[in-house]
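If you read the protein sequences in the order shown, they are chains A and B. Just so we're aligned, residue 1 is where the first sequence starts under this note's numbering, counting upward by one. Just so we're aligned, residue 246 is where the second sequence starts under this note's numbering, counting upward by one.
Hints may contain errors.
Okay, derived cross-link-like pairs now, DSSO-like style, lysine-lysine, Cα gap no bigger than 27 angstroms in a straight line [as the list claims (entries may be wrong)]:
{"hint": "1", "chain 1": "A", "residue 1": "K7", "chain 2": "B", "residue 2": "K248"}
{"hint": "2", "chain 1": "B", "residue 1": "K251", "chain 2": "B", "residue 2": "K275"}
{"hint": "3", "chain 1": "B", "residue 1": "K310", "chain 2": "A", "residue 2": "K190"}
{"hint": "4", "chain 1": "A", "residue 1": "K85", "chain 2": "B", "residue 2": "K251"}
{"hint": "5", "chain 1": "B", "residue 1": "K275", "chain 2": "B", "residue 2": "K334"}
{"hint": "6", "chain 1": "B", "residue 1": "K345", "chain 2": "A", "residue 2": "K190"}
{"hint": "7", "chain 1": "B", "residue 1": "K378", "chain 2": "A", "residue 2": "K116"}
{"hint": "8", "chain 1": "A", "residue 1": "K116", "chain 2": "B", "residue 2": "K251"}
{"hint": "9", "chain 1": "B", "residue 1": "K352", "chain 2": "B", "residue 2": "K334"}
{"hint": "10", "chain 1": "A", "residue 1": "K20", "chain 2": "A", "residue 2": "K7"}
{"hint": "11", "chain 1": "B", "residue 1": "K342", "chain 2": "B", "residue 2": "K352"}
{"hint": "12", "chain 1": "B", "residue 1": "K251", "chain 2": "A", "residue 2": "K178"}
{"hint": "13", "chain 1": "B", "residue 1": "K275", "chain 2": "B", "residue 2": "K310"}
{"hint": "14", "chain 1": "B", "residue 1": "K310", "chain 2": "B", "residue 2": "K386"}
{"hint": "15", "chain 1": "A", "residue 1": "K178", "chain 2": "B", "residue 2": "K378"}
{"hint": "16", "chain 1": "A", "residue 1": "K116", "chain 2": "B", "residue 2": "K386"}
{"hint": "17", "chain 1": "B", "residue 1": "K378", "chain 2": "A", "residue 2": "K190"}
{"hint": "18", "chain 1": "B", "residue 1": "K342", "chain 2": "A", "residue 2": "K85"}
{"hint": "19", "chain 1": "B", "residue 1": "K345", "chain 2": "B", "residue 2": "K378"}
{"hint": "20", "chain 1": "B", "residue 1": "K352", "chain 2": "B", "residue 2": "K310"}
{"hint": "21", "chain 1": "B", "residue 1": "K345", "chain 2": "A", "residue 2": "K116"}
{"hint": "22", "chain 1": "A", "residue 1": "K7", "chain 2": "B", "residue 2": "K342"}
{"hint": "23", "chain 1": "B", "residue 1": "K310", "chain 2": "A", "residue 2": "K116"}
{"hint": "24", "chain 1": "A", "residue 1": "K178", "chain 2": "B", "residue 2": "K345"}
{"hint": "25", "chain 1": "A", "residue 1": "K178", "chain 2": "B", "residue 2": "K310"}
Hints are computed from structural coordinates only; laboratory data are not their basis.
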Amino acid sequence: MAINWFKYSAPTNFYSLAGKLIPWFAAAALLLFAAGMYVGFVVAPTDAVQGEAYRIMFIHVPASILSMFVYLIMAGYAALGLIFKTRLSAMMASALAPTGALFAFISLWTGALWGKPMWGAWWVWDARLTSELILLFLYLGFIALHASIDDPRRADRAAALLAIVGSVNVPIIYFSVKWWNTLHQGSTIKFSGTSMHVAMQQALLLMLLACWCYAIAVALARVRSIILEREGATQWVGELSEVRS
Amino acid sequence: MTKRQKRLAFIVGGLALVGAAAGLVLYALKDNVSLYFTPTQVANHEAPQGRNFRIGGLVEPGSVKREGDGLTVHFRVTDNVQGMDVVYKGILPDLFKEGKGIVAQGKLEAGNLFRADEVLAKHDENYMPPEAKAALDAAAKAQSGVPAAASAPAVK
Numbered sequence: 001m002a003i004n005w006f007k008y009s010a011p012t013n014f015y016s017l018a019g020k021l022i023p024w025f026a027a028a029a030l031l032l033f034a035a036g037m038y039v040g041f042v043v044a045p046t047d048a049v050q051g052e053a054y055r056i057m058f059i060h061v062p063a064s065i066l067s068m069f070v071y072l073i074m075a076g077y078a079a080l081g082l083i084f085k086t087r088l089s090a091m092m093a094s095a096l097a098p099t100g101a102l103f104a105f106i107s108l109w110t111g112a113l114w115g116k117p118m119w120g121a122w123w124v125w126d127a128r129l130t131s132e133l134i135l136l137f138l139y140l141g142f143i144a145l146h147a148s149i150d151d152p153r154r155a156d157r158a159a160a161l162l163a164i165v166g167s168v169n170v171p172i173i174y175f176s177v178k179w180w181n182t183l184h185q186g187s188t189i190k191f192s193g194t195s196m197h198v199a200m201q202q203a204l205l206l207m208l209l210a211c212w213c214y215a216i217a218v219a220l221a222r223v224r225s226i227i228l229e230r231e232g233a234t235q236w237v238g239e240l241s242e243v244r245s
Numbered sequence: 246m247t248k249r250q251k252r253l254a255f256i257v258g259g260l261a262l263v264g265a266a267a268g269l270v271l272y273a274l275k276d277n278v279s280l281y282f283t284p285t286q287v288a289n290h291e292a293p294q295g296r297n298f299r300i301g302g303l304v305e306p307g308s309v310k311r312e313g314d315g316l317t318v319h320f321r322v323t324d325n326v327q328g329m330d331v332v333y334k335g336i337l338p339d340l341f342k343e344g345k346g347i348v349a350q351g352k353l354e355a356g357n358l359f360r361a362d363e364v365l366a367k368h369d370e371n372y373m374p375p376e377a378k379a380a381l382d383a384a385a386k387a388q389s390g391v392p393a394a395a396s397a398p399a400v401k
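In isolation and in its complexed conformation, chain A is listed as follows:
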């Protein structure tokens, strides 16, 4: 059976699809957060070197991973919008930006809280930390650039270009600990496997899935408001029960 992918590239259809998906992702996010917190705080053992402080990685690592993935997805949507001129792609890119910025900020903030007790410094200008900071600035730049242009189609195009160029930064963040001498440790989760205790891995995985579900739910909710805002003059929006009432 062939799936008609283009059906859901129309804001009308995607609006109702997103409305149906949001509760599922939101509920999954809540459950996974609860499970991840339980495994992270209760089941996972104390670390031999860092004691209890290592547990901050259960939010730090998922936030960092999401901040990079959300950026790539945002840049992907931006590119789709430029190539196919689909309205929804640009709306999805705008909907993802605040979530990605939030994750980048959480990553930097929890990293500072972790760095002070372990390394002895809130911040160092090493390649990993600096490139992640640039990622936060790229998100903020995307949001600001989009907001500074009144015509939404022109704003979409300008912001999309920024998003695509900025995606060069993502592999730099990921490989920074390999390419250069950094204070930040190397990757625990590698393609060849992980170097951590099983319960710690499970907590990390649960928190990662929770963050994914949260990001999807929030982005879908945001894109629904963007659709309403931009398509406000059309007939189908006027006929929606939540708009009429």
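Got chain A; can you put chain B on it based on the hints?
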């Protein structure tokens, strides 16, 4: 080529160009992007002379000596090829330990003594409970001490 394909080619080509440019810039700046110099690099005179820089490496086991004031610490930093003496006055991070990684900022003085004004601890990416670490250490000891009984169980 249709208009769509043209736009796709423009984006892919543009991204490749930007990527290549970023790669070249970072390659040219690679000494500046790295946070610290290794003792080997310092021995080869790659580190800046007469101004502050950072060194990184492992604290050589058995090299840590405290002065009478309880604050001044002498130790050697090694990358298992070259080593250099470091002196630091101040409070060390909790993770500072012999055999573990550190990054120190300071200046090279006469006689290749590195006077640090900041010492940061660098931890690795391995996480395990204390029992597993003790078992690993015991296994490593057994392996190095008695080669015949090297079939120590891999505890994890």
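Comparing the hints with the structure gives:
With a C-alpha separation of about 22 angstroms, the suggested pairing of K7(A) with K248(B) holds against the 27 angstroms cut-off. Between K251(B) and K275(B), the direct Cα distance comes to roughly 35 angstroms. Violation of the 27 angstroms bound is thereby established for this hinted pair. Proposed proximity of K310(B) and K190(A) is contradicted: the alpha carbons are some 38 angstroms apart, above 27 angstroms. With a C-alpha separation of about 13 angstroms, the suggested pairing of K85(A) with K251(B) holds against the 27 angstroms cut-off.
Between K275(B) and K334(B) the CA atoms are separated by roughly 31 angstroms; this puts the pair beyond 27 angstroms, and the hint is violated. The suggested pairing of K345(B) with K190(A) holds, with an alpha-carbon distance near 22 angstroms, which does not exceed 27 angstroms. A hinted pair counts as satisfied when its Cα atoms are at most 27 angstroms apart, and K378(B) with K116(A) qualifies at roughly 24 angstroms. Distance check on the hinted pair: K116(A) and K251(B) sit about 50 angstroms apart at the alpha-carbon level, beyond 27 angstroms; violated.
A distance of roughly 13 angstroms separates the Cα atoms of K352(B) and K334(B); the hinted pair therefore holds under the 27 angstroms criterion. With a CA separation close to 16 angstroms, the supplied pair K20(A) and K7(A) stays within the 27 angstroms bound. The straight-line distance between the Cα atoms of K342(B) and K352(B) is roughly 22 angstroms, inside the 27 angstroms bound, and the hint therefore holds. Using a Cα cut-off of 27 angstroms, the hinted pair K251(B) and K178(A) is violated, with the two alpha carbons roughly 36 angstroms apart.
Restraint check: the Cα-Cα separation between K275(B) and K310(B) comes to about 35 angstroms, which exceeds 27 angstroms; the hinted pair is violated. Using a Cα cut-off of 27 angstroms, the hinted pair K310(B) and K386(B) holds, with the two alpha carbons roughly 25 angstroms apart. Proposed proximity of K178(A) and K378(B) is supported: the alpha carbons are some 25 angstroms apart, at most 27 angstroms. For a cut-off of 27 angstroms, the pair hint linking K116(A) to K386(B) is broken: about 33 angstroms separates their Cα positions.
With a C-alpha separation of about 21 angstroms, the suggested pair K378(B) and K190(A) falls inside the 27 angstroms cut-off, and the hint holds. A C-alpha spacing of about 58 angstroms is found between K342(B) and K85(A), which places the hinted pair above 27 angstroms, so the restraint is violated. Note on K345(B) and K378(B): the hinted pairing holds, with a Cα-Cα distance of about 15 angstroms set against a maximum of 27 angstroms. For the hint linking K352(B) to K310(B), the alpha-carbon distance of about 20 angstroms falls within 27 angstroms, and the restraint holds.
Simply put, K345(B) and K116(A) have alpha-carbon atoms about 17 angstroms apart, close enough for the 27 angstroms limit, and the pair holds. A C-alpha spacing of about 61 angstroms is found between K7(A) and K342(B), which places the hinted pair above 27 angstroms, so the restraint is violated. Among the hinted pairs, K310(B) with K116(A) is consistent with the structure: their alpha-carbon atoms are about 25 angstroms apart, no more than 27 angstroms. Note on K178(A) and K345(B): the hinted pairing holds, with a Cα-Cα distance of about 19 angstroms set against a maximum of 27 angstroms.
The suggested pairing of K178(A) with K310(B) is violated, with an alpha-carbon distance near 33 angstroms, which exceeds 27 angstroms.
Checked against the numbered hints above, the structure violates hints 2, 3, 5, 8, 12, 13, 16, 18, 22 and 25; every other hint is satisfied.
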